[in-house]
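Asker: Please construct the entire structure, taking both the sequences and the accompanying hints into account.
Protein chains: 2
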Amino acid sequence: MILFRRLLGDVLRGARMQRGMTLRELSAEARVSLGYISEIERGQKEASSELLASLCQAMDLPLSDVLRDVADAVSIEEAAVGLVVSTPIGAARPAGDVVASAA
Amino acid sequence: MILFRRLLGDVLRGARMQRGMTLRELSAEARVSLGYISEIERGQKEASSELLASLCQAMDLPLSDVLRDVADAVSIEEAAVGLVVSTPIGAARPAGDVVASAA
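Sequence order for the protein chains is A and B.
Here the first sequence is numbered in this note's numbering, starting from 19 and rising by one per residue.
Here the second sequence is numbered in this note's numbering, starting from 19 and rising by one per residue.
You may find that some hints are simply not true.
Here are some, though not all, of the chain B residues that point toward chain A, as calculated from beta-carbon distances under 8 Å [stated by the list, open to error]:
id, residue
1, ARG23
2, GLU68
3, LEU70
Far from chain B, by Cβ distances over 10 Å, these chain A residues were calculated [as the list claims (entries may be wrong)]:
id, residue
4, PHE22
5, ARG31
6, ARG34
7, THR40
8, ARG42
9, GLU43
10, SER45
11, VAL50
12, LEU52
13, GLY53
14, GLU57
15, ALA71
16, PRO80
17, ALA89
18, SER93
Stretch by stretch, here's where chain B covers chain A in the computed footprint (C-beta under 8 Å, at least three residues) [said to hold, decoys possible]:
id, segment
19, 58–70
20, 81–87
To be clear, the hints were calculated from the coordinates, so they are not data collected in a lab.
Just so you know, these numbers come straight off a predicted model, no measurement behind them.
Every residue, glycine too, gets a C-beta built ideally from N, C-alpha and C.
Answerer: Okay, here's the thing in structure tokens:
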């Protein structure tokens, strides 16, 4: 099963590192506890929408960019598990079965 | 503040309607309570990553497509509140201030 929070965590960690920010700096800037951010980056906790907005704001990073990066990462995993993305032609798959077997 | 869950709810509701599925049908297919799905579609509850995966699977809809559609909707709102997306050239914005005023 492809989990949104895991890939979101990867993208958020990558964005923070690209900015050369420490967890402590991001925590102070976003006013979110360091431990919580750390759990989110490791994909262990779901980020609430408010928290996600705070993190984006603290990194001066548009939420749409984050979501596109996560979508790209999800796409790669979907392709890896053989999920046909947006092109069902010739797929001849039993309805609702491919995703299940990919999970 | 642009909230992920609100735009995610819009996209999920749109996908369900495009398929001509009722809440009851999606609830049965995804094995998620009807009330919970309804709250998610209205942006009132955060969807866990597992639940999001279940809903996508039940609609035979790649998660990456959902996220791209949400990213597009977020982009439109970001543009509407004057957030410069991915093109800071000439923006002359005080660091970390634009997102705050947009929230």
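Asker: Would you assess whether A:VAL50, listed as outside the interface, keeps its beta-carbon beyond 10 Å of every beta-carbon in chain B?
Answerer: holds, 14 Å
Asker: Can the segment 58–70 of chain A be counted as covered by chain B under the rule of three residues or more with Cβ-Cβ separation shorter than 8 Å?
Answerer: Check passed, 5 qualifying residues.
Asker: Would A:THR40 pass as off the interface with chain B, using Cβ distances and a cut of 10 Å?
Answerer: holds, 16 Å
Asker: Is it correct that the beta-carbon of A:PRO80 has no partner in chain B closer than or equal to 10 Å?
Answerer: Not fine: 5 Å to the nearest Cβ puts A:PRO80 too close to chain B.
Asker: For A:PHE22, is the shortest CB-to-CB distance to chain B above 10 Å, so the non-interface label stands?
Answerer: violated, 4 Å
Asker: If we take the beta carbon of A:ALA71, is the closest beta carbon in chain B still more than 10 Å away?
Answerer: Given a closest Cβ separation of 5 Å, the condition is violated.
Asker: Going by Cβ atoms only, is B:ARG23 closer than 8 Å to chain A?
Answerer: It holds, given that the least Cβ distance between B:ARG23 and chain A is near 4 Å, below 8 Å.
Asker: Decide, holds or violated, for the assertion that all CB atoms of chain B are farther than 10 Å from the CB of A:SER93.
Answerer: violated, 4 Å
Asker: Find the nearest Cβ of chain B to the Cβ of A:GLY53 and say whether that gap is larger than 10 Å.
Answerer: holds, 19 Å
Asker: Are all beta-carbon distances from A:ALA89 to chain B longer than 10 Å?
Answerer: Violated, because the least Cβ-Cβ distance between A:ALA89 and chain B comes to about 4 Å, which does not exceed 10 Å.
Asker: Does A:ARG42 clear chain B by more than 10 Å, comparing its Cβ with all Cβ atoms of that chain?
Answerer: A:ARG42 clear of chain B: closest Cβ-Cβ about 17 Å, beyond 10 Å.
Asker: Verify that the Cβ of A:ARG31 lies farther than 10 Å from every Cβ atom of chain B, and report whether the claim holds or is violated.
Answerer: At about 16 Å from chain B, A:ARG31 clears the 10 Å cut-off, so the statement holds.
In this structure, the hints that do not hold are numbers 4, 15, 16, 17 and 18, in rising order.
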